[in-house]
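Trainee: Work out the full structure: start from the sequences and follow the hints.
Number of protein chains: 2
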Amino acid sequence: MKAFAFREINTWERFYRANFINSLTGFKSVSLIGTADLSGNTNLAVFSSVVHIGSDPPLIGFINRPKKAAPHTIANIEATGQYTINHIKPQFARQAHQTSAKYPVGVSEFEQVGLAMEFVENVTAPFVKESSVKYALSLQQIIPITLNETFLVIGKVEVVMIEDHILNADGFLELDKCETICSNGIDSYYATQHLLRLPYAKP
Amino acid sequence: MKAFAFREINTWERFYRANFINSLTGFKSVSLIGTADLSGNTNLAVFSSVVHIGSDPPLIGFINRPKKAAPHTIANIEATGQYTINHIKPQFARQAHQTSAKYPVGVSEFEQVGLAMEFVENVTAPFVKESSVKYALSLQQIIPITLNETFLVIGKVEVVMIEDHILNADGFLELDKCETICSNGIDSYYATQHLLRLPYAKP
Numbered sequence: 001m002k003a004f005a006f007r008e009i010n011t012w013e014r015f016y017r018a019n020f021i022n023s024l025t026g027f028k029s030v031s032l033i034g035t036a037d038l039s040g041n042t043n044l045a046v047f048s049s050v051v052h053i054g055s056d057p058p059l060i061g062f063i064n065r066p067k068k069a070a071p072h073t074i075a076n077i078e079a080t081g082q083y084t085i086n087h088i089k090p091q092f093a094r095q096a097h098q099t100s101a102k103y104p105v106g107v108s109e110f111e112q113v114g115l116a117m118e119f120v121e122n123v124t125a126p127f128v129k130e131s132s133v134k135y136a137l138s139l140q141q142i143i144p145i146t147l148n149e150t151f152l153v154i155g156k157v158e159v160v161m162i163e164d165h166i167l168n169a170d171g172f173l174e175l176d177k178c179e180t181i182c183s184n185g186i187d188s189y190y191a192t193q194h195l196l197r198l199p200y201a202k203p
Numbered sequence: 001m002k003a004f005a006f007r008e009i010n011t012w013e014r015f016y017r018a019n020f021i022n023s024l025t026g027f028k029s030v031s032l033i034g035t036a037d038l039s040g041n042t043n044l045a046v047f048s049s050v051v052h053i054g055s056d057p058p059l060i061g062f063i064n065r066p067k068k069a070a071p072h073t074i075a076n077i078e079a080t081g082q083y084t085i086n087h088i089k090p091q092f093a094r095q096a097h098q099t100s101a102k103y104p105v106g107v108s109e110f111e112q113v114g115l116a117m118e119f120v121e122n123v124t125a126p127f128v129k130e131s132s133v134k135y136a137l138s139l140q141q142i143i144p145i146t147l148n149e150t151f152l153v154i155g156k157v158e159v160v161m162i163e164d165h166i167l168n169a170d171g172f173l174e175l176d177k178c179e180t181i182c183s184n185g186i187d188s189y190y191a192t193q194h195l196l197r198l199p200y201a202k203p
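Top to bottom, those sequences are chains W and F. Last residue of the first sequence? That's 203 in our numbering, and every number before it is there in order. Last residue of the second sequence? That's 203 in our numbering, and every number before it is there in order.
No wet-lab data here; the hints were simulated from the structure. Among these hints, one or two may not hold up.
Using C-beta positions, here's what the derived DEER-type ranges look like [as the list claims (entries may be wrong)]:
1. W:37 / F:41: 51 to 61 Å
2. F:68 / W:170: 17 to 27 Å
3. W:37 / F:129: 48 to 58 Å
4. W:112 / F:78: 42 to 52 Å
5. F:194 / W:177: 17 to 27 Å
Below, computed lysine-lysine pairings styled on BS3-like, alpha-carbon distance capped at 25 Å [to be verified]:
6. F:202 / W:68
7. W:202 / F:89
8. F:177 / W:177
9. W:129 / W:177
10. W:202 / F:67
11. W:67 / F:177
12. F:156 / F:67
13. F:2 / W:156
14. F:2 / W:129
Think of the CB as a built atom: it goes at the ideal place given N, C-alpha and C, for glycine as much as any other residue.
Mentor: As structure tokens, this is what we get:
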């Protein structure tokens with residue numbers, strides 16, 4: 001084993017440190033967040049910080065970077081109160097990653113990277129048509145994290161769309177069956193292979 | 001595709017809804033959090049809500065459920081300001097899952113499930129000896145999420161221990177090489193298979 005202390009990590013070159021620290025959290029969900037501004041201009045951005053907050057009510061959060069670095073998604077959510085989260089398949093992982101490029105405001109990543117929009121009733125934010133698991137959220141709260149000027153954005157699940165065949169009898173979704181991918185670090189993508197499902201643990 | 005609205009989801013049986021909503025966030029990191037109280041009594045608990053907050057300074061967060069449901073980890077972190085996060089391998093996935101059983105306070109999950117403790121200088125929280133990637137954090141902030149009485153716990157990375165061979169020349173950690181697993185829902189575990197690593201995206 002190799003050991004590193006904060007004192008040393010703190011001196012590393014910026015990208016080296018980002019690669020290292022972003023790998024520490026382990027494999028993580030990676031999704032496309034779809035939004036629109038009040039004029040209907042759409043935006044799509046890849047996030048690997050989506051996190052479960054609770055099931056009753058169904059609350060899901062994500063970390064938005066400082067507004068200077070990542071302004072569009074959070075601005076659209078603040079303006080409209082709506083957004084979609086869309087799972088990614090290997091077939092469009094390259095397009096998903098490309099949404100992280102800094103396109104100017106008003107340019108839609110859907111068009112730039114070649115993904116299709118899909119709309120449903122009562123939701124002004126765009127879904128990703130190619131996605132097998134996607135859901136719309138209504139903004140509940142944006143919590144500023146003053147330590148580093150990031151934000152925890154929390155939404156309530158309003159509409160869910162999934163491929164029929166992945167829904168188990170007990171509500172569980174077999175995400176490997178629809179090829180949802182996960183990520184590690186800031187730029188690496190993975191398929192998964194089911195190992196085991198375990199019963200509720202008792203002492 | 002099948003569609004579900006909140007109005008319907010809200011009527012579902014509790015465990016069905018928990019399985020469903022916990023799958024929506026996609027594959028996620030799953031780790032063991034090690035803590036100790038002021039007397040040195042150790043605790044170990046599985047969490048699938050670890051999230052990257054920032055790299056400079058290196059900040060990592062996790063969601064702690066309401067204190068009534070999950071009191072021990074957060075109480076130890078509040079008391080000592082220290083904790084460890086440890087990746088999980090297939091070889092001890094069953095033991096990791098078993099730490100979610102409601103053992104009484106004062107009973108160490110390390111002993112109950114059969115995982116070994118490891119200690120390093122200046123860190124009173126225990127590491128998991130069997131883990132290939134593990135790090136100690138110092139508590140920076142606990143942010144209450146009043147929407148559902150959960151907490152975002154944020155720590156600064158103080159010490160990192162990893163298997164030498166997974167560290168790339170650019171700081172990236174090849175977590176598939178040391179068999180770090182990920183999870184889906186509340187009880188399902190997965191290995192990963194590398195698909196692709198992509199360069200920094202430009203418009």
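Trainee: Of the numbered hints stated earlier in the document, which are not met by this structure?
Mentor: 11
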